[in-house]
Amino acid sequence: VLYSRTKVASATAARESEQLLAENSKEAYLSGASRDLKESESDQKYLLGLFVQEGSEVGFLERIEGLGKSAGVDVKIIDFSRAGDQLRLSVQTKGNFQNLYYFLSLVESLPFALSVDSVSLRGGIVGDKGVLLWEGVYSMTLSSYLPKTAVTKDIAPN
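When we follow our numbering, the leftmost residue of the sequence shown carries the number 103, and every step to the right adds one.
Mixed in with the good hints, there may be bad ones.
Simulated crosslink set (EDC-like; lysine to aspartate or glutamate; CA at most 16 Å straight-line) [to be verified]:
id, residue 1, residue 2
1, K109, E125
2, K231, E159
3, K250, D187
4, K178, E164
5, K196, E156
6, K196, D176
7, K196, E167
8, K196, D230
9, K250, E156
10, K250, E167
11, K178, E118
What the hints contain is simulated information worked out from the structure, not anything from laboratory work.
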């Protein structure tokens with residue numbers, strides 16, 4: 103009887119020991135995964151910054167307009183729309199040819215997946231003060247756009 107009880111107790115202890123080992127292994131994995139997520143938090147924020155999130159389109163458009171000021175051209179957003187998971191915009195600029203070209207190079211250097219689909223340049227435009235200017239019209243597609251449905255709570259910035 104004592105041998106039988108000892109055998110049952112030993113088997114029960116072995117099962118419980120296996121369960122504890124499995125739980126410890128799960129806890130170690132979760133702890134490591136949590137540590138890895140915390141360590142990569144700055145990388146996650148950087149990567150998220152390479153996208154224009156729904157609700158921050160105004161900031162993106164202001165950035166485009168700011169590039170115009172930096173390039174010395176007048177910028178006007180003449181069309182802006184969402185097409186699925188992309189944003190489409192058309193931008194009109196006025197200034198001298200070199201500044202229009204510089205504006206375009208600044209746009210292309212933005213850290214977004216932004217393609218310039220078409221460019222139309224026209225010279226001989228008379229400006230406000232009678233100065234001859236160039237006009238540029240650019241059609242662009244922003245592919246690095248994140249609609250709210252694509253951003254999960256876990257990666258959204260705090």
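Results of checking the hints against the structure:
1. Between the alpha carbons of K109 and E125 the distance comes to roughly 24 Å, so the proposed pair goes past 16 Å and is violated.
2. This hinted pair does not check out: K231 and E159 have alpha carbons roughly 33 Å apart, beyond 16 Å.
3. Between K250 and D187, the direct Cα distance comes to roughly 10 Å. Compliance with the 16 Å bound is thereby established for this hinted pair.
4. A hinted pair counts as satisfied when its Cα atoms are at most 16 Å apart, and K178 with E164 qualifies at roughly 11 Å.
5. For the suggested pair K196 and E156, the alpha carbons sit about 29 Å apart, so the restraint of at most 16 Å is broken.
6. Of the pairs offered as hints, the one joining K196 and D176 holds, with about 5 Å between alpha carbons and a cut-off of 16 Å not exceeded.
7. With a C-alpha separation of about 12 Å, the suggested pair K196 and E167 falls inside the 16 Å cut-off, and the hint holds.
8. For a cut-off of 16 Å, the pair hint linking K196 to D230 stands: about 11 Å separates their Cα positions.
9. Between K250 and E156, the direct Cα distance comes to roughly 6 Å. Compliance with the 16 Å bound is thereby established for this hinted pair.
10. With a CA separation close to 24 Å, the supplied pair K250 and E167 exceeds the 16 Å bound.
11. Of the supplied pair hints, the one linking K178 and E118 is violated, its CA atoms being roughly 71 Å apart against a limit of 16 Å.
In this structure, the earlier hints numbered 1, 2, 5, 10 and 11 are contradicted, and the remaining ones agree with it.
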